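With chain A's structure known, arrange chain B on it following the hints.
Residue numbers (this note's numbering), protein chains in the order written: chain A, 396 to 1258; chain B, -9 to 153.
Note that these hints are calculated values from the structure, not bench results. Given the structure is predicted, the values throughout are model-derived calculations rather than measurements. Where a beta carbon is used, it is the ideal one built from N, C-alpha and C, also for glycine.
Take a look, some chain B residues computed to stay more than 12 Å from chain A by CB distance:
id: 1; residue: Q15
id: 2; residue: Q25
id: 3; residue: L26
id: 4; residue: A39
id: 5; residue: P84
id: 6; residue: D102
id: 7; residue: G105
id: 8; residue: V108
id: 9; residue: T121
id: 10; residue: L140
id: 11; residue: D145
Pairwise CB distance ranges (calculated):
id: 12; chain 1: B; residue 1: S112; chain 2: A; residue 2: D415; range: 51 to 61 Å
id: 13; chain 1: B; residue 1: S42; chain 2: A; residue 2: R625; range: 21 to 31 Å
id: 14; chain 1: B; residue 1: L77; chain 2: A; residue 2: A762; range: 54 to 64 Å
id: 15; chain 1: A; residue 1: R612; chain 2: B; residue 2: S112; range: 48 to 58 Å
id: 16; chain 1: B; residue 1: A80; chain 2: A; residue 2: S615; range: 25 to 35 Å
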Amino acid sequence: MDDLLADFLTETNEGLAALDGALLKLEKAPDDRQTLSEIFRNVHTIKGTCGFLGLARLEKVAHAAENVLGRYREGTLQVTPEGITLILSALDGLKSIVAGLESTGSEPAGDDAPLIAALDAAWRGEAPALGAAAAEALFEAAPEPLASESPAPEPSAPAALARPEETEVTAAATPAAGGGPITPAQTIRVSVDVLEDLMTLVSELVLTRNQLLQLVRARSDAALTVPLQRLSHITSELQEGVMKTRMQPIGNAWQKLPRIVRDLANELGKKIELVMKGADTELDRQVLELIKDPLTHMVRNSGDHGLENPEQRRAAGKPDVGRITLNAYHEGGHIIIEIGDDGRGLSVDKIKAKVLSQGLTTEAELAGMSEREIQHFIFRAGFSTAAAVTSVSGRGVGMDVVKTNVEKIGGTIELRSVEGKGTTFFIKIPLTLAIVSALIVEAGGERFAVPQIGVVELVRAGGSVEGAQIERIHDTPVMRLRERLLPLVSLSRLLQLDQRPEEAGQEEGFVIVTQVGGNVFGIIVDKVFDTEEIVVKPVAPILRHVTMFSGNTILGDGSVIMILDPNGIARATGVGADGPTDELAQANAMLRGAGSGERTALLLFSAGDGTPKAVPLGLVARLEDLPVESIEHSGGKILVQYRGKLMPLVPMSGHWTPPEPGRRQAVLVFNDRDRAMGLMVDAILDVVEECLNIEGASEQPGFLGSSVICGKVTDVIDCSWWLHQAGDDWFRQRSEVAPFRLLLVEDSAFFRHLLVPGLGAAGYAVTAVNSGAEALRLREQGAMFDIVVSDIEMPDLDGLGLARAVRAEGPWRDLPMIALSGRMDHDRLRSAIAAGFNAGLGKSDRDALLAALGDCLAAQTLA
Amino acid sequence: MQTNMQGAGTPTRGGTVLMGDSAAQMYLTLTVAGQLCGVPVLAVRDIMAAPSITRVPLAPREVAGSLNLRGRIVTAIDLRRRLGLPLREAGAPPPMSVVVEQGSELYSLLCDAVGEVVPLRSEGFASNPPTLDTVWREVSQGVHRQDGQLLIVLDVDRILTID
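If we strip away everything but chain B, and leave its shape as in the complex, we get:
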């Protein structure tokens, strides 16, 4: 059930080829409560379906718990909670886990569905609309129009900054 993303979405390490492609960057799209989001694919280490998560008592509410990724302990962040969205309904399909790395620590971003790896050209980017919700503005690098849908580009570092 596990897909190793290293190599799958990035034909060359370091993304040199991608950079050359008129500054188009590769993003992994994912859906949180119906909202299309994107994270830079280079930040993604792994994708897991329906991981078994151990709750961590007294942890910040955004932390869903810890999970085991091939012998490494990964802290899971519930994106719905982090983004102030309604919680997953009971009986809904289990979340998908997008594992990202920050400062040699692994974190898992729990979302509803993982889409595909798409190149986003820099021309399509727009900065955050000023009316955007503060939580979103805080964690978003900008908005991208993608096939008639708005895609919010998430800043992984800022998502992982939980007070």
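If we strip away everything but chain A, and leave its shape as in the complex, we get:
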């Protein structure tokens, strides 16, 4: 409220100041329609805002003045100097109330009746009987806030001059009158052009400073060093300050939303809760201004179209209170703003009917469209699904305007909607103009900036034997990082920079571990310098087609540097798997889950017969090339001493004939916590990124089935079977189950990678997430499943907590849930059932898992 009031005070004071001048102008030229309209609009705005804030006294005076101005504007009343005087005295009245408001935080008490009566008289057309002096006297008659405590105004002094002093005195006398003084935000308005110019000048200053610094360094003139150091500091601070002037938290654009939502709720008879996250995400001021209105509009839309009324919500099994969620965050060099509701969602059938009735498309075209394409019709001009035009929305000037505005600033808008569950819009704004912190790196002799938002960590590769190493599978570089194989991209190769020949074979450098969406990959660079705050500038149109860069900037030393776009790199190399046309993948990516339809990095190798074999790369902990001499036999098993332990080796081709001494044996190492097992293969072929669609369950033990990878039929191996071969008590066989949507909640990446393909092959559509919180987020986003399988032991929200949360409320309340545990003993099972699980079993018992899945789902179907 205080912020709102402070804003109001700033605006109103500006408005009142402008009005003074405009009224005097009108007095000189009573026929100036433009000035008159401007005055009317100004007074009207003040009146409107007062009403909005519940400032009754201000509103009444402004209203009376507006009435008179309204008649002037219509031309039914002649503008006279007396009339102007009257309006001016009304303005003075407004000013004094505003001054009181400013000092005490609430409207001062007072009686404006004589003033309002005079204004009303003028409005009725009664010639203002009052002369200028009389009007002022009239205003003086209106008692001042706490006038008794202040010295009586001198009758001869112009009222407007006396007022401010008085109110200051009263404020000092009674500081606690109305919740303390409200200080209007100490701001002035500066045109963005001025800021832009300042920015350019500062950049130039930085350049000049650097030149000077270099000159002085060369001469080592001590007398210059100290003042130059100071100049240098001041310049840097100036640069920072000027950069900051353009940034504002997005919360500024949201300030008025709670009020709007409250009014909306009252007007529509709905219960609405507004949740705002990431309000401190900073945005360029200009961008902020441009998205303010679209955002407001979208929130209104969510409340009006999206949310149901309490009865409908109850009928749909939802809580009475509908929720609108705003969320802003940086992602991959963009700012994402989500506007979501948990309402009725977009009805595809309704949209279809509407589209047809408006002739936007034909039935035939519609038939060929995906659900998403149909939902996108809401962005077409003139489209509105609201059956009735309400005062809030439904006039059909909605989403197309929003979309145009977002696209104007180079953004995109996406939506995801599930009928009955709600709709979420994603506005993605590029960081053009935004200040980002960037890592300065070098590759192939050139420097580049990498926005730090996308950087997960920095790893030094090579150098010491202990450290992480860049390895190659054929030509594909990979790195083992904490039991994970990380796909790598060489920046100098990607950008076709010439590698110095002596470095080509040498695997030293730094790996920038980068995350794009759910995908993690590493970028190999030669050197890492420092981080720097940069202002992103768009690249010249001539270079726009190079998707590897999100912009360019000028560094502190005055050199131009290109800013890498991790998204572009991921797309260019395929590690990111963000195919724009692949709907399923995109939907999955939005759900932040790893569905079995998503692209997975696969390791291809050969073993035994000629058919290539594949295994998800994430499952493989390491690739080893063991000298044959190190492989030993013991008790019918093949073993190798590996990292201080004995690791069982299993030959892929059934039997193993040791290669000739001196040769080496390729081994895939699988690893889970303290267990390790090696699979001996003939040769490692490649690492590829493919959708793993396993077709036809294999009869052959050890294989999940076949999949077409890189145009070739490839056997996908069943890791669990091979692990079992190594002697561990692991899974055994698979059985066929009808397709169901299964949510797997499992924090161990190993088990996730193990279970997803296995369950996928058994016919389940699996979505895997790594925590209970993540699972609940999916629920909030409206994802629906047939069954939930959850690990019990997880950090933060564990399986039991998840089960309780699921059972407590929401659309998942009746879903069957199966608990998994590393060791499922009696106590664990009992607490799992108590928490709401239907069954509980050991992690490694896949037969039992599949059987339990079948049982639970059968019971569910019968019920």
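Here is chain B on its own, set in the frame of chain A:
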């Protein structure tokens, strides 16, 4: 080292005086691999000597990179490459940069030497000879005889149109 051309070569903004002078236009002459060229002086925003240029990987081959002109990023076009001329030899003096503006974007044309601002009378103009190399014909507005030397008038817009 920087010379601001605004005002230096154009005494009046908008070139009204120049227009009056029996349609003589002011051109800035520059040399690319020995060939004398001219660009309309009104298009020129700045001249810089030996700018420090950042390469832009994957850019069209005509783009030499980006450079910083008083806080603005300018895309540099290597005129030798653009005009299909032999590349600058190693050890040759660094190029000169003629900064031109197109649609609120700044571009720098890299050439070997910048000459002077000269008025070219319209009578001296001849259209491109039909035998002129296609690259040249594409970017040239015409040929002008200047002190016994042929000067090719470059069309800045077309130079900046790189496929």
